[in-house]
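Please take these sequences and the hints and turn them into a complete structure.
Sequence lines, in order, name chains A and B.
Here the first sequence is numbered in our numbering, starting from 1 and rising by one per residue.
Here the second sequence is numbered in our numbering, starting from 1 and rising by one per residue.
Everything labelled a hint here was simulated from the structure, so no lab data went into it.
One or more hints might be untrue.
Pairs involving identical chains hold if they fit within one copy or between any two copies, as the list cannot separate such chains.
[Said to hold, decoys possible] The list that follows gives simulated cross-link-like pairs (lysine to any residue, SDA-like), each with its CA atoms no further than 25 Å apart: (1) Lys258 with Pro106; (2) Lys258 with Glu351; (3) Lys258 with Arg445; (4) Lys258 with Leu228.
2 protein chains.
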Amino acid sequence: VNGAQALVATATQAGLSVCFANPGTTEMPLVEALDAEPAVRPVLGLFEGVVTGAADGYARMAERPAMTLLHLGPGFANGIANLHNARRAGSPVVNVVGDHTTWHRPADAPLTSDIASLARPVSHWLRENRTAGDLPGDVADAVAEACSDGGRIATLVVPADCQQDEAGAPVRPRSPRARTAVPAETVRAAAEALRGGGPGVLLLGASGLSADGLRAAGRVAAASGCRLLCGKFPARIERGGDLPAVERLGYFPEQAAKSLSGAAALVLAGERSPVTFFGYPGTPSSEVPDGVAEHRLAGPTDDVVAALEELADALGAPPAAPAAPPARPGPASGPLTPATAGQVLAALQPEGAVVVDEALTTSAPYWPASAGAPRHSVLTITGGAIGQGLPNAVGAAVACPDRPVIAYQADGSGLYTAQALWTMARESLDVTVLVCANRSYRILRAELQRSGATPGRASQTLTSLSDPAVDWVALAAAYGVPARQVTTAEEMADALRTGLTEPGPHLVELLL
Amino acid sequence: VNGAQALVATATQAGLSVCFANPGTTEMPLVEALDAEPAVRPVLGLFEGVVTGAADGYARMAERPAMTLLHLGPGFANGIANLHNARRAGSPVVNVVGDHTTWHRPADAPLTSDIASLARPVSHWLRENRTAGDLPGDVADAVAEACSDGGRIATLVVPADCQQDEAGAPVRPRSPRARTAVPAETVRAAAEALRGGGPGVLLLGASGLSADGLRAAGRVAAASGCRLLCGKFPARIERGGDLPAVERLGYFPEQAAKSLSGAAALVLAGERSPVTFFGYPGTPSSEVPDGVAEHRLAGPTDDVVAALEELADALGAPPAAPAAPPARPGPASGPLTPATAGQVLAALQPEGAVVVDEALTTSAPYWPASAGAPRHSVLTITGGAIGQGLPNAVGAAVACPDRPVIAYQADGSGLYTAQALWTMARESLDVTVLVCANRSYRILRAELQRSGATPGRASQTLTSLSDPAVDWVALAAAYGVPARQVTTAEEMADALRTGLTEPGPHLVELLL
Chain A
1 VNGAQALVAT ATQAGLSVCF ANPGTTEMPL VEALDAEPAV RPVLGLFEGV
51 VTGAADGYAR MAERPAMTLL HLGPGFANGI ANLHNARRAG SPVVNVVGDH
101 TTWHRPADAP LTSDIASLAR PVSHWLRENR TAGDLPGDVA DAVAEACSDG
151 GRIATLVVPA DCQQDEAGAP VRPRSPRART AVPAETVRAA AEALRGGGPG
201 VLLLGASGLS ADGLRAAGRV AAASGCRLLC GKFPARIERG GDLPAVERLG
251 YFPEQAAKSL SGAAALVLAG ERSPVTFFGY PGTPSSEVPD GVAEHRLAGP
301 TDDVVAALEE LADALGAPPA APAAPPARPG PASGPLTPAT AGQVLAALQP
351 EGAVVVDEAL TTSAPYWPAS AGAPRHSVLT ITGGAIGQGL PNAVGAAVAC
401 PDRPVIAYQA DGSGLYTAQA LWTMARESLD VTVLVCANRS YRILRAELQR
451 SGATPGRASQ TLTSLSDPAV DWVALAAAYG VPARQVTTAE EMADALRTGL
501 TEPGPHLVEL LL
Chain B
1 VNGAQALVAT ATQAGLSVCF ANPGTTEMPL VEALDAEPAV RPVLGLFEGV
51 VTGAADGYAR MAERPAMTLL HLGPGFANGI ANLHNARRAG SPVVNVVGDH
101 TTWHRPADAP LTSDIASLAR PVSHWLRENR TAGDLPGDVA DAVAEACSDG
151 GRIATLVVPA DCQQDEAGAP VRPRSPRART AVPAETVRAA AEALRGGGPG
201 VLLLGASGLS ADGLRAAGRV AAASGCRLLC GKFPARIERG GDLPAVERLG
251 YFPEQAAKSL SGAAALVLAG ERSPVTFFGY PGTPSSEVPD GVAEHRLAGP
301 TDDVVAALEE LADALGAPPA APAAPPARPG PASGPLTPAT AGQVLAALQP
351 EGAVVVDEAL TTSAPYWPAS AGAPRHSVLT ITGGAIGQGL PNAVGAAVAC
401 PDRPVIAYQA DGSGLYTAQA LWTMARESLD VTVLVCANRS YRILRAELQR
451 SGATPGRASQ TLTSLSDPAV DWVALAAAYG VPARQVTTAE EMADALRTGL
501 TEPGPHLVEL LL
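Below, the structure written as C-alpha cells:
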C-alpha cells in the first residue's frame, strides 16, 4: 500500500465518494490510486475554479465533503475564489494539493511556490504532510476537521514522494466535533428579548435555514410575532411549500436598514450580526439600527436547530403548523426584465428544484415571486467571489441526481467559470442554466451611480460586456450544452420547460 | 486631488500607460481617476487570469510594466497563476489591489480576506497602503521596485478610503535598481573554463536571450567553440534572421541530459543551474551531469549582456558576424501532426512575429523548424502554470501593435483562460491563435506512461478532453473571434495566411 492508496482508502472509509479534480504530474500517484477505487467518482473540471466551486455546491447539498484534487500552488490558487465562498458558506471540503517531491523542493523548480501561504486564508485547517507513514492519519484528520462545526475547509498538501512511498494501513474515520450546544440561559435571554414588547426580528443563517430550523423558527414567530429574516447571501435556504416564508436582508445599506427598521429586538440564529457588504463613506459597518437590542442565540457553528426549538418551547409555542404558502404567480408575458424573468422562473420551477442564484442585480424580484413555489433549495454567493454559480450547480447536481438544478446566472459572473458547462455536459447533469444577459457589470454601474460619478471612458470600458457581446448560445455549444437565446417571457417559459423536461444540461440566454 | 487621482498621476509620470483590469466596488475611485487620465489605456479582462497574464506578456515585450487593477483577495487570487509565471519570467508588473475601507475591515464583511498572505508568494515586493497621504509615495516605490533588477512583481494593496481621501501631490518617479554588474574576475573565470580544453556549453537566459545578448554569445561561441543553449522555458528569446541559433534544453531529464552530455564546462549566463521540472524517483534534481564544471557568469538579475560582451572580449573574439541562418522549411502537406503543424508555422511566420508558445507537447518540432525563420520573438510558459498563452498574447499585442502575434496554444491549457479571446476581439488585436487540439492532457498521459501505469477509469477520465470534445470554433465565435477548424497542413497554411493578412484576431483549431 503506497501513500496514495492509503489516502484514497482512508478517505473512502470516512465516507468520501466524489473527487472533483484537475490533477497534474505531482498528483499522478493519487490518480492511479483512484483507478483502483470504484467507490470514488472522479469528476474533471477544466479549471480549478470549477473544481472547488463544485465541491462547495456538493457540500451544501450533500452535507458531507467531496475531495478536491489540485496541482501545486498555481492549481490551488485557481481554486481560491470559490474556496473563499465555500469558507463563508461553512461547507465541508477536503482539499488534497499535490506538491513537489520533498527532496526536490530545494531545487526551486519552476512550479515551486509557497502553497501554505496561498492556502491559509481560505482554510480553517491546513497541514503539510511530511511522510507516507503520516499520510493515512493526516487524511483521517482532514476529513474529521472538514466535518467539524457544521463544515470547514480542510487542506492537506501531499508531496509526490509521500504518495509513492510505502505507507501503513488506512486509518479508521475519526470523530468530527459536533455543532456547539447553546446554553439554556442564552435561550432564555432570547426568549425574554422577543417577549419584551416591541417588534422582534429573528435573523436566520446556517442550519437555521434548514427545513427543521425554519419550522422551529415558524413556531417562534407564531408565539412572539417576530419577523423572520435571513442574511444577504445564505449558503443554503429551504423555501416554498408549507415552510414559513423568510425575508432576505437587503443588499445596499439603506435596503438593509429598511429590512430592520422598527425592530426593537434582533435575535441572531445562525447568522452573524449584519454588516454592510462594502464600507460606504458616512455609513457605519454595522447594519443594526440604533436602539435595537441585539441578542445572539446561536452562531453559524452552533446547533441552531436545537436552539430554535428550545426557544420556541421557552416561548410556549405550539407544535409547528404548516404555513399557508403565498400565491404562486403564473408565467409572465412580454419583454424580459428582471421582474418577468423572475416571475417565469418562480412559476415553472418544479417541486424539489435546487436553484443556484448568482443572478445578482437580476435576481431581486425572483425572491418574493418564488415564496409560493413548491419546496426547493436556494444556494447563493456567500463570499461575494464571483464565478460561484455554474460550478455550484455542477456540485449540486452531482450530490442530488434526482433533483432538477437551475442555475440563475449573471452573465459577467458566469464568464469567470464558464468551463463548468463542459463538466455538466460530460457528466450529463440535469442542470438548466438561465443566463441573465444584461451585458454589463450592472452592480458596478449601480455603485458608480451611487457615488455620483459621471462615467467616462474607463468607467464605460471596464463595466461594459458588449462590444462584442458574448454569444452564450455559441459558448454553450462549444462546451457541448444545447442552448437557445430568448427575448420574451413566453420564449423563456418555453425554453425553461424544455430544459426541465429533457435529460442533461441546457442553457437559455435571457436577453434583458 | 484624492488618493486615486494621485495614484494614477504618479504612475503615469513614471511611464505606465496601460491598465489591465477587472475592478469591483472597492476600485471604483481608481476607475473614476482613470476616466480623467487619457494617457492610460484601460483594457478589460473577463477574468483576472487574463488581466495578469496580459500584464506579463506586455512586460516581456515592452520591457516596462503595465498596471493591473484587481478586486480584493478573490480577484487577486484569480490572477495568481499568471503572476507566478510573470515572477519566474522576471517581468515588471505593478499590481494595484483594492481593499475594503480601513475602518470596515474589522466587520469581516463577506469579501474580507488576508490579501497579503495570498500576494506574498508571487510578489517580490508587497506593501499595504495605510493612508491617502502615503499613497503617491507608495505608488512611486511600487513602480521603481517593479522596474528594478530587470523586472519584479510589485503589489500594492490600496483600501477604498485611501483612494477617496485627500492626498498630497503626485510623486516624481523614483530610480529603480539597475541590473547588477558582473565582477571582472567572474568573467575571467568563465573565459578560462571555456578555454579549458573540453567542449563548453553556454546556458543563456533573461537578457542573455535578447538580440544583443545573443550576438555577444555568438562571439563567445565563435572564439571558444562552445554550444549555445537556453533553458526549458525562456521568458523571451529573440530568434531567426542572422541571430545565432540556440538549442533549447530538453524537458524530460533524459532529454536534458542529452542536451548537456559531452560538455566539460557549463557557463550560466542569465539562466539558473538546470534542474528537472519535477522530482522523479531515482533521478537527481540537478541536471548538470557528473564531471561537468559549472561556472556562474551571470544570474537572471545581473547585466547579462555586458557580461557576455566582456566574456567575448576576454576570449579575444572578433566583432559579431551575422550568422548564416539554417534553411527555412517550406509549408508541409498532408495530415496535421506536431511535425507538420510546426513546419507550417515555421514556414509562414512573418518577419517580426511574436510567437507565444504554450503548445507544450505539440511544440517540440516547431523549435528546430523555426530556427531559419525571419527574426521573431518567442515567449514561453516560464512558471509552468498553464493558461499563460492567450493572456500573454493579449499583452504582447497591446505592447507591439505593429507586430503580428501568433499564439501557438495547447487546448487543455487554453481552456484555463479562453476569456482572453474576448479581449482580443474588443481591442481588435492582431493575434492569430493556433489551437493544437489533441483533446487530452497529453503531457499527463506521457507522465503516466513513464511511470508504467495501466490507465484505469480515473486516469482516463481525468486526462481526456473528449466526451464531449470542445468546439473551439464555437468558443471563438462566442467571444467574437472568427475561427476555422483545419485537419491538414494545407488547410492550416491557408487559414494561417488569412489570420496574418486580415486585421484583428483569428483562431484556427488544428485537429491533431
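Hint by hint, here is what the structure shows:
1. In this assembly of identical chains, the alpha carbons of Lys258 and Pro106 lie at most 25 Å apart only when taken from different copies (24 Å versus 58 Å within one copy).
2. Proximity of Lys258 to Glu351 under the C-alpha cut-off of 25 Å is found in neither arrangement, the shortest distances being 32 Å within a copy and 65 Å between copies.
3. Proximity of Lys258 to Arg445 under the C-alpha cut-off of 25 Å is restricted to the intra-copy arrangement: shortest distance 22 Å within a copy versus 58 Å between copies.
4. Proximity of Lys258 and Leu228 under a CA criterion of 25 Å is satisfied intra-copy only: 14 Å inside one chain copy versus 72 Å between copies.
Consistency with the previously given hints fails for number 2 only.
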